[in-house]
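Residue numbers (the working numbering), protein chains in the order written: chain A, 1 to 230; chain B, 1 to 373.
Source of the hints: derived by calculation from the structure; they are not laboratory data.
Treat the hints loosely; a few may be bogus.
Cross-link-like lysine-lysine pairs, in silico, PhoX-like; alpha carbons within 25 Å at most [claimed, not checked]:
#1 B:Lys212 to B:Lys78
#2 A:Lys141 to B:Lys127
#3 A:Lys141 to B:Lys12
#4 A:Lys122 to B:Lys12
#5 B:Lys15 to A:Lys141
#6 A:Lys80 to A:Lys65
#7 B:Lys360 to A:Lys80
#8 A:Lys126 to B:Lys9
#9 B:Lys87 to B:Lys360
#10 A:Lys188 to A:Lys126
#11 B:Lys212 to B:Lys87
#12 B:Lys127 to B:Lys153
#13 B:Lys127 to B:Lys206
#14 B:Lys9 to A:Lys122
#15 B:Lys9 to B:Lys212
Given next are the chains, with one letter for each unit.
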Amino acid sequence: MAKEVIRAENLTKNYRLGESIVHALRRVNLKINVGEFLSIMGPSGSGKTTLLNLLGALDLPTSGKIFLDDVDLTRVPERKLYEVRRNKIGFVFQHFYLIPTLTTLENVLVPVIPIRNNPRFKDRAKELFSIVGLGERMNHKPNQLSGGEQQRVAICRALVNNPEVLFCDEITGELDSFTGEKIIGLLKEINQREGVTVVFVTHDPTVSSKSNRIITLIDGKITSDKTVKS
Amino acid sequence: MNVVTFSLKNLKRRKMRTSLAILGIALGVMLITSLLFIMDGLESSITGSLELLSGNLIIQEKGSFDQTLSIVNVSLIKNLRNNTDIKVISPEIYVARTLPGGAVPRFVTLIGVTDSYSEIVSSTYIKFGTFFNETDSGKIILGSKLANRLDLKVGDIFPIDSSPFDVTGIFETNTLADVIIALIPIEDARDLRNLSADQISVIEIKPVDPDKADEIRSYVESNFEDYEVVFPEDLMEEASEIMGTLRNTVWLVSAIAVLIGGIGIANAMLMSVMERTPEIGLLKATGWRNIDVAYSVLIEAFGIGVIGGLIGLLLGMVAAQTAQNIIPALTVRLTLTTILESLIFGVGLSLGSGVYPAVKAARLAPIRAIRGE
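Isolated chain A (complex conformation):
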C-alpha cells in the first residue's frame, strides 16, 4: 500500500470580505500519497489556491486538520512553521519572484541563505540546473532569461532543499501553451526521477490531463477525484 504524505480532514476556510463572509473551503477531506502527480482543477474562486496554501503550511484553516507526515500542521505554533516550510515543502508560484540583482544560481540558493553551512546546497542547485536544462545559464541575471526559463529557475529554487512535496500554483499562467506544456513535462520528469510528490493547481484541462490524478473543486467542495491512467 502506498504511503500517505498529506491528509486533510474537514478542512474549512472562511474569509471576511467587508461585511460578508466568503466560504472558500467547506469541509474538504483529502489524502495524498507519496510520489503522486496530482492536479487540482476548478474555476476561479473555487478555492483551489486556498487549498494549496493550506496544504503547504502557508495559511491556517478556520477549522479542520492538516497532517503532513502525520504531524498536525494546525497545532504547530506559527514560530515553528518555518521548519516545515524550510525542510518539507517547495512552492512555485504563477509569478517567478526572482531577485533581479542576483544571478539565477544565487536566486536558487535564496531559501537556504539563513541556514548555517549553506554552501553544501550549491552542488544540489547545480544538479537541478542540469535537470531543467539551464546548466549554462547559472551566472545569468533573471532578465536575461525568457519567461519559461525563469519559471524553471523558480522550480529549482523550490527543490533546492529536497522537499517531500512540491506545490505549484498556476505556474503556466504567465507562459504560452507550448512553454507551459514543456514545464509540466519537466515537473513530471522530476516527479519520476526524484520521487517528490507534486501537487499543482491549474484551470487549464490540457495541463491537468498530464497528471495521474485530477481533483476538481467547485464552490469550496471536491466534486470529483479521478485517477488517470498514464
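Fit chain B to the given chain A structure using the hints.
Frame of chain A, contents of chain B only:
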C-alpha cells in the same frame, strides 16, 4: 551567501533611494562632526590661552570691561616693587585697531610692552626673529597666524595708522593670541592711544611662587581700591561653563539634523519593504524565519548608517578645515572622541530607524505578502 551579503546586495537595487538615505545620514553626521571639531578647537585654544597666563595676575582699573578700556597710574609700579612676592612687573598699554581689507577677524590687539615682557612669557615664545628693545620705536612682533594671514615675514613692514612698523619677530603660542595679538614698544603704544606719561592700561605680574598669587591679590585690592586683580583661573572656570552650554547646543542642533536623516532612512526602508512585499512573502514561504527577515532589513539600515556615517565624517573634516581656512580665528581639532561619538550616533540612529520597517516586514503573513497585500 549569508543574510548580511544578501541584505547589502539589496541596497544596490534602488541606487537613487539608497543614495538619498545615505546622504541624509551623511549630512547630519557632517554637521555634528564639523561643529564638534570646531568646538574642540575652540575649547583647547581658550584653555590654552588661559593656561599661558596661568600663574600670572593682571591688575586693571576696577570695573573696566576689558584691558583696552582700563587705565592704571604708573605710580602703582613703585608701590609693587616693595612687595617681595612679586618677581616680574610688566606695564602694558593695549591698543585696538581694525585691519585693512576684508580680513576676518578684522581687529588686532596691539600690546605695548617693556623689556620685562620677555620674562612674563615662556622661553619658546618667539618663533622667528627677536624681541625689540623697549627704547626702540617702530618695531613690531606679530602672532604667527596673524603674520600668515597678512603674508608678513621678519623684515617686512606692517603699517599702523600710516606709520610703518618693522617686523622684528613672530611669536607662537598655539592659542587665540597667535591670531589677534601683536606686540610693539610701550612708548609707541602710548602715542597711538594719546595717553599721558603716567598712564598705562594694565600691569601684568608674575609672582615669585604661583601659590602666592592669592596673597598678592589681597595685597593689591586692600591697598589700592581703584584697582582689581584678574585671575586667569577665574576666567577659565567661566569659560568652561560657557563651552559646556555651547557644546550642549551643538549636540541638540545636530541631533535634530541627524534625526531628520533618520526619518529619511525609515521612509526609504519602509518603501523598500512595501515594494518587496511579495518577495518577502516568498522568503517566508521558503522557510525564512521572522527573525531572518527582520535581521535582513536591519542589516540594510546598518549598512546605510555605516556608509552615511563615514561619508559624513569625511565631509565634516573637510567642512571644519574649510571653516578654518575662511575664519583663521577658528582652531579646528580632530579628536577621537568626537569621531567615535558622531559615528556611533549616526549608525545607532540608522539602526533605530530600521526597527519599525524590520518588524513590519517580519510580521507579514507569507501568503498575503505574496499576493502583495
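Hints versus structure:
1. About 19 Å separates the Cα atoms of B:Lys212 and B:Lys78, which keeps this hinted pair within 25 Å; it holds.
2. For a cut-off of 25 Å, the pair hint linking A:Lys141 to B:Lys127 is broken: about 66 Å separates their Cα positions.
3. Pair hint A:Lys141 plus B:Lys12 holds up; C-alpha atoms about 14 Å apart against a cutoff of 25 Å.
4. A C-alpha spacing of about 24 Å is found between A:Lys122 and B:Lys12, which places the hinted pair at or below 25 Å, so the restraint holds.
5. Only pairs whose Cα atoms come within 25 Å are accepted, and B:Lys15 paired with A:Lys141 is accepted, the gap being roughly 18 Å.
6. Between the alpha carbons of A:Lys80 and A:Lys65 the distance comes to roughly 17 Å, so the proposed pair stays at or under 25 Å and holds.
7. For the proposed pair B:Lys360 and A:Lys80, the alpha carbon gap of about 19 Å is at most 25 Å, so the pair holds.
8. Distance hint between A:Lys126 and B:Lys9 is fulfilled; the C-alpha atoms sit about 22 Å from each other, no more than 25 Å.
9. Distance hint between B:Lys87 and B:Lys360 is unfulfilled; the C-alpha atoms sit about 75 Å from each other, more than 25 Å.
10. Proximity of A:Lys188 to A:Lys126 is assessed by CA-CA distance (about 19 Å); at most 25 Å being required, the pair is judged to hold.
11. Between B:Lys212 and B:Lys87, the direct Cα distance comes to roughly 11 Å. Compliance with the 25 Å bound is thereby established for this hinted pair.
12. For the suggested pair B:Lys127 and B:Lys153, the alpha carbons sit about 11 Å apart, so the restraint of at most 25 Å is met.
13. The hinted pair formed by B:Lys127 and B:Lys206 meets the criterion: a straight-line CA distance of about 22 Å does not exceed 25 Å.
14. Distance restraint check for B:Lys9 and A:Lys122: the Cα-Cα separation of roughly 19 Å lies within the 25 Å cut-off, and the hinted pair is therefore satisfied.
15. Restraint check for B:Lys9 and B:Lys212: not satisfied, since their Cα atoms lie roughly 69 Å apart, outside the 25 Å limit.
Hint check: violations occur at hints 2, 9, 15; the rest are consistent with the structure.
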